[in-house]
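Each protein sequence line maps, in turn, to chains S and C.
Under the numbering used here, the first residue of the first sequence is numbered 10, with each subsequent residue one higher.
Under the numbering used here, the first residue of the second sequence is numbered 903, with each subsequent residue one higher.
Calculated from the structure, these hints are not laboratory results.
Keep in mind that the hints are not guaranteed to be accurate.
Cβ pair distances, simulated, as ranges [to be verified]:
no.: 1; chain 1: C; residue 1: R1053; chain 2: S; residue 2: P180; range: 34 to 40 Å
no.: 2; chain 1: S; residue 1: V95; chain 2: C; residue 2: P1079; range: 54 to 60 Å
no.: 3; chain 1: C; residue 1: T939; chain 2: S; residue 2: E243; range: 19 to 25 Å
no.: 4; chain 1: C; residue 1: G972; chain 2: S; residue 2: G33; range: 49 to 55 Å
no.: 5; chain 1: C; residue 1: A993; chain 2: S; residue 2: P193; range: 31 to 37 Å
no.: 6; chain 1: C; residue 1: R1130; chain 2: S; residue 2: P88; range: 30 to 36 Å
no.: 7; chain 1: C; residue 1: G972; chain 2: S; residue 2: E243; range: 29 to 35 Å
no.: 8; chain 1: C; residue 1: L1009; chain 2: S; residue 2: R106; range: 47 to 53 Å
no.: 9; chain 1: C; residue 1: R918; chain 2: S; residue 2: A98; range: 57 to 63 Å
no.: 10; chain 1: C; residue 1: L1105; chain 2: S; residue 2: V95; range: 52 to 58 Å
no.: 11; chain 1: C; residue 1: A1080; chain 2: S; residue 2: A19; range: 52 to 58 Å
From the derived model, a few chain C residues whose C-beta atoms are all more than 12 Å from chain S [as the list claims (entries may be wrong)]:
no.: 12; residue: R985
no.: 13; residue: L1074
no.: 14; residue: P1076
no.: 15; residue: A1080
no.: 16; residue: D1088
no.: 17; residue: R1129
no.: 18; residue: L1131
Treat the numbers as computed from the prediction; the structure is a model and nothing was measured.
A virtual CB, placed ideally from N, CA and C, is assigned to each residue, including glycine.
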Amino acid sequence: MSTPTADRVAPRVGRTVVAVEATGTRPRVLVEADGPEGGALLRPMLLHGAGRTARVSLVPEGAMLLAGDHLDVRVDVGPDAALEIVEPAGTVAYDMRGGTARWAVSITLGPGARLTWGGQPLVVAAGADVERTTVVTRAVGAVLALRETVVLGRYGEWPGALRQDLAITGPAGPELVEELVLDPLNAVGLWGRHRVMSSVLLLGASADGPADDLAGDRFDLEAGGVLWRALGNEVHATLRHPAWHAARDAVSAAGPTSRGGPVSGESGTVHPCRTLPDSPPPAATLVRR
Amino acid sequence: MHAHADSLLLLLADARLPVAGHTQSGTLEPALAGGLTVDDVPFFVATRLRTVTRVEAATAVVALHRIRSGLKLDDVERAWAARTPSPAMRATSRTQARALLRLTSRLWPAPAPPVVELVETPHLDRLEDRRPTSRAVALAHAADRAGLSPRSLARLVAYDDVQTVCAAALKLVPLDPAVVTGWVFDALPLVDRLADEVAGLQLPHQIPASGAPQIEAWAQAHATATRRLFSA
Chain S
10 MSTPTADRVA PRVGRTVVAV EATGTRPRVL VEADGPEGGA LLRPMLLHGA
60 GRTARVSLVP EGAMLLAGDH LDVRVDVGPD AALEIVEPAG TVAYDMRGGT
110 ARWAVSITLG PGARLTWGGQ PLVVAAGADV ERTTVVTRAV GAVLALRETV
160 VLGRYGEWPG ALRQDLAITG PAGPELVEEL VLDPLNAVGL WGRHRVMSSV
210 LLLGASADGP ADDLAGDRFD LEAGGVLWRA LGNEVHATLR HPAWHAARDA
260 VSAAGPTSRG GPVSGESGTV HPCRTLPDSP PPAATLVRR
Chain C
903 MHAHADSLLL LLADARLPVA GHTQSGTLEP ALAGGLTVDD VPFFVATRLR
953 TVTRVEAATA VVALHRIRSG LKLDDVERAW AARTPSPAMR ATSRTQARAL
1003 LRLTSRLWPA PAPPVVELVE TPHLDRLEDR RPTSRAVALA HAADRAGLSP
1053 RSLARLVAYD DVQTVCAAAL KLVPLDPAVV TGWVFDALPL VDRLADEVAG
1103 LQLPHQIPAS GAPQIEAWAQ AHATATRRLF SA
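Working from the sequences, and respecting the hints, build out all of it.
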């Protein structure tokens, strides 16, 4: 008798930490990645830094997401520091045959911190079962631009199951709290006849644009800030690039007026990746401006 | 002489209550315009009960607890607003709240409930920018005066939502009223289940945040629609 519990393995936890501090004129960047051999991991690579801004790419390692994968990402942006996170590729959550995967993101933004995170699509294939949590704590004056795209099922495929929890707390309390429980049965109720949801969230700053053609996608939040959210059936047609650009511009505009010198990988400014061998230290990927 | 809470529940659930319930479709009008078919309506009702209506019922229950405990309601309003991303849905809720609070002060004159519960929003200092209370909190005030239990209040919110959608369906699509009453009848166990789920909640952070992106998108689209029968 075959057992459907074949993929119910002990969770393999891949931990990622990106922390940025604005120390004087240079950002101090700490990147860490730590996970079991062959397990899913998002490796942070420092791309560049200038003034108070650091730019980090989250590079996926290992096949992901599979049953038992547990991504744990912590992002900490200190007072008046700025971080931009990019993702080089989207993620597919594959058939987990009864197993589950988890993707937990925790973001802490200090006073006056700025974070731009342009997420790539997460495709939840048939049979996948993913729990995704995003917890943001935003101090006074902190600005966040966050892009997320979720696709239920590869083309022509049944949707997988996704539980997506978002909780954003600002200086005065909760700003946006949302739990979406999507599975083949109730996805049509929550998303209508769509398989793609793309959102751009801007908090701590306001945006007048982009133009009217996105007015129907625009949700002005009670606590300030804007959520642009679109449902569709094709990723390229659902992505709202103008909204993302407007959110990024709003974060840039919210930045401090005094700009410092270029970031340096020297003298302890950048801490090398720990625990995993064969990884180039982020200083190697540093581009001097 | 006081009326029994059961009688008052019937009164508050009555569509003839002068709170402009006939202007509401529970987002059904934009849903039908957006591709929902008549056959989908019972499913639509069930989806609302599991999502947006669950948030509203839970908010009302937590507000009732705080009113009876003499606690402030700002945190409840904020929790509700954070779980209601659609500005159109928040505006609809507050419009309905005004009528409900007016009626409540009329039925239970002393001591008067606040006609407008001013909620300070963090980014807004001016008085005119402060927001009036939500419908869930207004219903909690009425429930407090009527002596309703938290479970009855949750049932009231859920039942009213089902009836709102189904009554609107009759105006939007040619249907046999008995069929539509059958939809309401079939949804009653879901109403009961929702009431059971949220009746014990007391803290704002316990309020479920079950969103419904498609319903929220329809609500936004309807707010700017020019040809419409219902205001929401």
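Against the structure, the hints:
no. : hint                          : result
1   : C:R1053 to S:P180: 34 to 40 Å : holds, 35 Å
2   : S:V95 to C:P1079: 54 to 60 Å  : holds, 57 Å
3   : C:T939 to S:E243: 19 to 25 Å  : holds, 23 Å
4   : C:G972 to S:G33: 49 to 55 Å   : holds, 50 Å
5   : C:A993 to S:P193: 31 to 37 Å  : holds, 34 Å
6   : C:R1130 to S:P88: 30 to 36 Å  : violated, 48 Å
7   : C:G972 to S:E243: 29 to 35 Å  : violated, 54 Å
8   : C:L1009 to S:R106: 47 to 53 Å : violated, 59 Å
9   : C:R918 to S:A98: 57 to 63 Å   : holds, 59 Å
10  : C:L1105 to S:V95: 52 to 58 Å  : violated, 38 Å
11  : C:A1080 to S:A19: 52 to 58 Å  : holds, 56 Å
12  : R985                          : violated, 5 Å
13  : L1074                         : holds, 18 Å
14  : P1076                         : holds, 24 Å
15  : A1080                         : holds, 25 Å
16  : D1088                         : holds, 16 Å
17  : R1129                         : holds, 16 Å
18  : L1131                         : holds, 20 Å
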